[in-house]
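Line by line, the protein sequences are chains A and B. Per this note's numbering, the first sequence starts with residue 437, numbered consecutively. Per this note's numbering, the second sequence starts with residue 437, numbered consecutively.
Source of the hints: derived by calculation from the structure; they are not laboratory data. Note that this is a predicted model, so its numbers are computed, not measured. By construction, the Cβ of each residue, glycine as well, lies at the ideal position given by its N, Cα and C atoms. There could be a bad hint or two in this list.
[What the hints assert, rightly or not] Far from chain B, some chain A residues (derived; all Cβ distances over 12 Å): (1) 449; (2) 550; (3) 571; (4) 630; (5) 695; (6) 718; (7) 731.
[As the list claims (entries may be wrong)] Pulled from the structure, derived: some chain A residues nowhere near chain B, Cβ distances all over 10 Å: (8) 500; (9) 572; (10) 589; (11) 641; (12) 709.
[What the hints assert, rightly or not] Label-pair ranges, simulated between beta-carbon atoms: (13) 727(A) to 617(B): 45 to 55 Å; (14) 456(B) to 625(A): 20 to 30 Å; (15) 723(A) to 491(B): 54 to 64 Å; (16) 562(A) to 456(B): 46 to 56 Å; (17) 721(B) to 541(A): 52 to 62 Å; (18) 684(A) to 588(B): 57 to 67 Å; (19) 588(B) to 589(A): 33 to 43 Å; (20) 689(B) to 598(A): 40 to 50 Å; (21) 716(B) to 477(A): 48 to 58 Å; (22) 598(A) to 589(B): 51 to 61 Å; (23) 589(B) to 728(A): 30 to 40 Å; (24) 572(A) to 719(B): 47 to 57 Å; (25) 599(B) to 587(A): 28 to 38 Å; (26) 522(A) to 522(B): 19 to 29 Å.
Residues per chain, in single letters:
There are 2 protein chains.
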Amino acid sequence: MSIAVVGTVALDTVKTPLGKRVQMLGGSAVHFAMAARLFTRVNLVAVVGNDFPSRHIAFLQRKGIKLTSLLIDDGKTFQWSGEYKDDLNTAITLRTELGVLLQFRPLLSEAERRLKYLFLANIDPDIQRRVLESMYAPRLIALDSMNYWIRHKKKSLLKLLEKVDMYVANDQEARLLSGEYNLIKAARALERFGPATVLIKKGEHGVLLYSKKFIFSIPAYPTDRVVDPTGAGDTFAGGFMGSLAQSKTINNSALKRAIACGAVAASFNVEAFGLEKTARLTRLDLRRRLAYFRQIATF
Amino acid sequence: MSIAVVGTVALDTVKTPLGKRVQMLGGSAVHFAMAARLFTRVNLVAVVGNDFPSRHIAFLQRKGIKLTSLLIDDGKTFQWSGEYKDDLNTAITLRTELGVLLQFRPLLSEAERRLKYLFLANIDPDIQRRVLESMYAPRLIALDSMNYWIRHKKKSLLKLLEKVDMYVANDQEARLLSGEYNLIKAARALERFGPATVLIKKGEHGVLLYSKKFIFSIPAYPTDRVVDPTGAGDTFAGGFMGSLAQSKTINNSALKRAIACGAVAASFNVEAFGLEKTARLTRLDLRRRLAYFRQIATF
Numbered sequence: 437m438s439i440a441v442v443g444t445v446a447l448d449t450v451k452t453p454l455g456k457r458v459q460m461l462g463g464s465a466v467h468f469a470m471a472a473r474l475f476t477r478v479n480l481v482a483v484v485g486n487d488f489p490s491r492h493i494a495f496l497q498r499k500g501i502k503l504t505s506l507l508i509d510d511g512k513t514f515q516w517s518g519e520y521k522d523d524l525n526t527a528i529t530l531r532t533e534l535g536v537l538l539q540f541r542p543l544l545s546e547a548e549r550r551l552k553y554l555f556l557a558n559i560d561p562d563i564q565r566r567v568l569e570s571m572y573a574p575r576l577i578a579l580d581s582m583n584y585w586i587r588h589k590k591k592s593l594l595k596l597l598e599k600v601d602m603y604v605a606n607d608q609e610a611r612l613l614s615g616e617y618n619l620i621k622a623a624r625a626l627e628r629f630g631p632a633t634v635l636i637k638k639g640e641h642g643v644l645l646y647s648k649k650f651i652f653s654i655p656a657y658p659t660d661r662v663v664d665p666t667g668a669g670d671t672f673a674g675g676f677m678g679s680l681a682q683s684k685t686i687n688n689s690a691l692k693r694a695i696a697c698g699a700v701a702a703s704f705n706v707e708a709f710g711l712e713k714t715a716r717l718t719r720l721d722l723r724r725r726l727a728y729f730r731q732i733a734t735f
Numbered sequence: 437m438s439i440a441v442v443g444t445v446a447l448d449t450v451k452t453p454l455g456k457r458v459q460m461l462g463g464s465a466v467h468f469a470m471a472a473r474l475f476t477r478v479n480l481v482a483v484v485g486n487d488f489p490s491r492h493i494a495f496l497q498r499k500g501i502k503l504t505s506l507l508i509d510d511g512k513t514f515q516w517s518g519e520y521k522d523d524l525n526t527a528i529t530l531r532t533e534l535g536v537l538l539q540f541r542p543l544l545s546e547a548e549r550r551l552k553y554l555f556l557a558n559i560d561p562d563i564q565r566r567v568l569e570s571m572y573a574p575r576l577i578a579l580d581s582m583n584y585w586i587r588h589k590k591k592s593l594l595k596l597l598e599k600v601d602m603y604v605a606n607d608q609e610a611r612l613l614s615g616e617y618n619l620i621k622a623a624r625a626l627e628r629f630g631p632a633t634v635l636i637k638k639g640e641h642g643v644l645l646y647s648k649k650f651i652f653s654i655p656a657y658p659t660d661r662v663v664d665p666t667g668a669g670d671t672f673a674g675g676f677m678g679s680l681a682q683s684k685t686i687n688n689s690a691l692k693r694a695i696a697c698g699a700v701a702a703s704f705n706v707e708a709f710g711l712e713k714t715a716r717l718t719r720l721d722l723r724r725r726l727a728y729f730r731q732i733a734t735f
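Bound conformation, chain A alone (with noise of 0.2 Å):
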């Protein structure tokens, strides 16, 4: 089944401790869909500027995501700049420059407004909201944020945690919304405010489900070789999402594949900048990983 996610197309620039890259092809709604594509045909729902290398756009096709709605705004594309220290687990913005995502007004084709799975990938949630109420009858929702979007537009999102199945908050984020350290106290609270799945990245540490009556926990798969963690929790959530739409019902066992997908999907993307991993990823590649992480994180 195919899957319309909705979020940013940026160009990164990101300095680690192991090198730098300037102005990469990036955003919540690429890196999403790198990583779903493994999976499921995927729409891509973004704008960028008429800066925005061609390049990119031949990349995007070639990876058979599809573009019917990629709209080419005037302006320039939406740029973020960060940095990792040491420890590689949080990033320090040093320049976001909105620019044609300021006025961006999603509009999706009548085949993409009957799509059965949508995923709010990051980004203003005005703008998730339009794209959510476009829908005819999606099957599953789902939602990323980020903290900005928690601390400036805390009532959009909540009045749209109402109307999705499935939240996907990373630690510091869940903590911040709920008001509870405690994760599991965190997710529950979450679940309260509407959608019945909560999902918390925990980043290194893995990722933890919780829905009324089912939890489910995994670690991280384990890499020694964190290059660049940008773009980790969109990945992830591609693989969740991906693996789901695949998946003929979603029950606990669908999830938790699901779940261990997108921990996969997620480790090869912080092995190299950008998509310099995730782009070259094949489905066997995947699944090997998967079997490996199956062998060594399960008793």
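Given chain A, put chain B in place with the hints provided.
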């Protein structure tokens, strides 16, 4: 197979956001023994002062812990006093009174010197060495330590690491001793110091086992009732060694099961002050939670 454990017996005063307890029975060897006793016989090698309440002696005996080598020396029992703030992750030490620990010369009986399983719980590495050297032919020797000894007796500790099979450290200790931030790199560096197997305890984030041929990673058992984490690491080690001492052969699957047993034992420990929960624990309680843990943490 019986286990000998050398470590501290302490009177702990602990304050957490959920309450306070004054001069509870604690210490690395006691927390270890309280978990390991669920699997096998445990011989406690330690010292207390002549102020040590006799009810604690009676209590340990009731729990089936062998006290042949518990010395009662002239002086005060080791006291530790600490506080945990909201995050309940890091203990702030308020006061330490070593008392009789300062002059502790462990003395093992002939029968104890023949035991096959030895756990060197957190205590001065020179004391750990003395116990290790008094053993005839232990099959498995594991060691735990702490930041203080890494900083102040690094040389003694490194010499000792050459002689042990397993080193159990928390993430901070592993980083401090190895100089590596990434935990897999840290474990690899520690393995080069001698121990074939390195276990890194990540608190609420679970445990990583590293050996040259085998990696294993599990999350912590997810609990929302964290009351007092004091002794969680020692309780983990007790469940881990206890399970191993019961296994016929120490292969990968025995190691996996042992780590899961340790994680489950530790989860009970944090749910109450001191030994309040682990003292009442039965083998069946542990087995039940282990079965549930398997269900929510394997895929």
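For each hint, the structure was consulted:
no., hint, result
1, 449, "23 Å, holds"
2, 550, "32 Å, holds"
3, 571, "30 Å, holds"
4, 630, "20 Å, holds"
5, 695, "7 Å, violated"
6, 718, "21 Å, holds"
7, 731, "9 Å, violated"
8, 500, "27 Å, holds"
9, 572, "33 Å, holds"
10, 589, "27 Å, holds"
11, 641, "4 Å, violated"
12, 709, "17 Å, holds"
13, 727(A) to 617(B): 45 to 55 Å, "29 Å, violated"
14, 456(B) to 625(A): 20 to 30 Å, "27 Å, holds"
15, 723(A) to 491(B): 54 to 64 Å, "59 Å, holds"
16, 562(A) to 456(B): 46 to 56 Å, "48 Å, holds"
17, 721(B) to 541(A): 52 to 62 Å, "58 Å, holds"
18, 684(A) to 588(B): 57 to 67 Å, "60 Å, holds"
19, 588(B) to 589(A): 33 to 43 Å, "51 Å, violated"
20, 689(B) to 598(A): 40 to 50 Å, "46 Å, holds"
21, 716(B) to 477(A): 48 to 58 Å, "55 Å, holds"
22, 598(A) to 589(B): 51 to 61 Å, "58 Å, holds"
23, 589(B) to 728(A): 30 to 40 Å, "39 Å, holds"
24, 572(A) to 719(B): 47 to 57 Å, "55 Å, holds"
25, 599(B) to 587(A): 28 to 38 Å, "53 Å, violated"
26, 522(A) to 522(B): 19 to 29 Å, "26 Å, holds"
In this structure, the hints that do not hold are numbers 5, 7, 11, 13, 19, 25, in rising order.
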